[in-house]
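Chains A and B, in that order, give the protein sequences. In terms of my numbering, the first sequence has 74 at position 74, counting the first letter as 1, and numbering is strictly consecutive. In terms of my numbering, the second sequence has 1007 at position 7, counting the first letter as 1, and numbering is strictly consecutive.
A couple of the hints might just be wrong.
Sample of chain B residues at the chain A side, in silico, Cβ under 8 Å [said to hold, decoys possible]:
hint: 1; residue: Glu-1160
hint: 2; residue: Gly-1162
hint: 3; residue: Ser-1235
hint: 4; residue: Phe-1238
hint: 5; residue: Val-1297
These aren't lab readings, by the way, just hints derived from the structure by calculation. Quick caveat: nothing in here was measured; it's all calculated off a predicted structure. A virtual CB, placed ideally from N, CA and C, is assigned to each residue, including glycine.
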Amino acid sequence: MTDTHTTTGRVTPLLQVRGITKFYGARLGCRDVGFDLYPGEVMGIVGESGSGKSTLLGCLAGQLAPDAGEVLFDTRTEGPRDTLTMSEPERRMLGRTDWAFVHQSARDGLRMGVSAGGNVGERLMAVGARHYGGIRAQAVDWLGRVEIPEDRVDDRPTAFSGGMQQRLQIARNLVTGPRLVFMDEPTGGLDVSVQARLLDLLRGLVREMGLSAIIVTHDLAVVRLLADRLMVMKDGHVVETGLTDQVLDDPQHGYTQLLVSSVLQV
Amino acid sequence: MTAPCNDSAQKGETMEDYNFAYLDEQTKRMIRRAVLKGLAIPGYQVPFASREMPMPYGWGTGGVQVSAATLTPDDTLKVIDQGADDTTNAVSIRKFFERTAGVATTEATAQATVIQTRHRIPEAALTEDQILIYQVPIPEPLRFLEPRETETRKMHSLEEYGLMHVKLYEDISQHGAIATSYAYPVKVEDRYVMDPSPIPKFDNPKLSDCPAIQLFGAGREQRIYALPPYTRVESLDFEDHPFDPSKADHPCDLCGAEDSYLDEVITDDAGTRMFVCSDTDYCRARRAAGHMGARGVPFEEGAA
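Using the sequences and the accompanying hints, generate a full structural model.
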């Protein structure tokens, strides 16, 4: 755990989630999910396909409207506010300033017809940056941080490898200095050596910027490396929560035990 | 709304089988409502039920419908295509309204009360008594950046215009300068980003603070938008790459004008070029007043 999380409860949680429930017609997406996320904390959500983890992430990030529950985000100016009852302009403003969303497929999170520099600069321009030189300098700086060479700044993402695209997506999301990052399977579809470098990078950035993050994944190795806390979901319900190491080393719930024992040992 | 007007049918060549200005009164009423809404919300694209016109989409069906709804029997109409009064599109539309509306037509900018234009704003300053009607192919400035209409509408309503600057950023990163030279995006009264139709960016400054009413009609895309008189219109740019309303660095070869937008004309197989005013009325008026360019000939009344 990071040291910002004190047991005295003096620190306001960055995100307080209460009773999130989402149905798709008669089918359950997720039911009665709640947790607190403190500044600098990384929360992992694991579970098999269809367990409701992406639905939950969508509800938290304002992309889906849950049927019940509240998501209180500690805004910079007004303190905790329910993002579900916020007006859409406010929510979208959060979406491009304090929040970031890293998609599983870089194609969903990038503009494939726009150069790498333009992709990174978009969020800056969306919040009012109007100095070309300044925008470009920041773009180049961020490309450097995610290990993309400066001479690729004018190339389109279509000319990038899958790993580079994913790193570009991360740069594009983090350039405005968000406080909360949602990640949906950030390493999905990448080969293991590329995954390892991406995880290294993410871990470095999360520590360095003091980011809070919610990572949805089915890859237990990813949460072992990145997450402070873990939430295990099954059939739309949370079946187990706890410190990552605790949950993975001493799983209590039957499904968690199955999940942990299902990991291939090399 | 004006009453149906049939007195024009008595004039010479006017066709009697059509209502005044071709469209029926209910359609004109519908278009006027869209125009009024557009004027009330400058730069906002108002959907309207575009009709089939006796010309193909892309030939100015939007502009023609707005003109039809705007014209009164007392109006004097001028139609220009790329600044010229004598090109196919301009001649056809002018004849169309001569026959279906029986209105007076002119080539002189100052004498016109309604000017339908494709891709230019006349060089001569417009007045409060005039209405300028643009033909618009694609009214959505964000279209090539964001193909989903649902999304672009949301972006307009929430004023999310960062993407527009991404396009300009891309221009600079690829070409070293903002290479967009026509249909240069503008922001209207600090609110809506608007496509000024494919006018050269040289004309962009004339959009702003213009005494005339400016109406924009897109027939295929079924949108009307408008700028009321004296609306502030700013061309988008970067602080370190300011907007530059450029033109060919040359005087007009016919009339010697140095302040007008020029067409480059190739005159023979050897690649000899000459630059001439794209606004034919402006050029002719200057030559009639005795101005002459490097390759001009003395003006004769009636000569081409």
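* **Cut-off 8 Å, beta-carbon criterion: hint that Val-1297 (chain B) touches chain A** => Since chain A brings no Cβ nearer than about 47 Å to Val-1297 (chain B), farther than 8 Å, the hint is violated.
* To do: Please verify that hint: Phe-1238 (chain B), Cβ, nearest Cβ of chain A, below 8 Å or not.
  => Holds. Min distance 4 Å.
* To do: Classify the hint on Gly-1162 (chain B) as holds or violated, based on whether any CB of chain A lies nearer than 8 Å to its CB.
  => holds (3 Å)
* Restraint satisfaction for Ser-1235 (chain B) [CB to CB of chain A, less than 8 Å] -> Hint violated; Ser-1235 (chain B) Cβ to chain A Cβ min 13 Å, cut 8 Å.
* **Interface restraint verdict for Glu-1160 (chain B) against chain A (beta-carbon cut-off 8 Å)** => Hint holds; Glu-1160 (chain B) Cβ to chain A Cβ min 7 Å, cut 8 Å.
Comparing the model with each numbered hint stated earlier shows that hints 3 and 5 do not hold.
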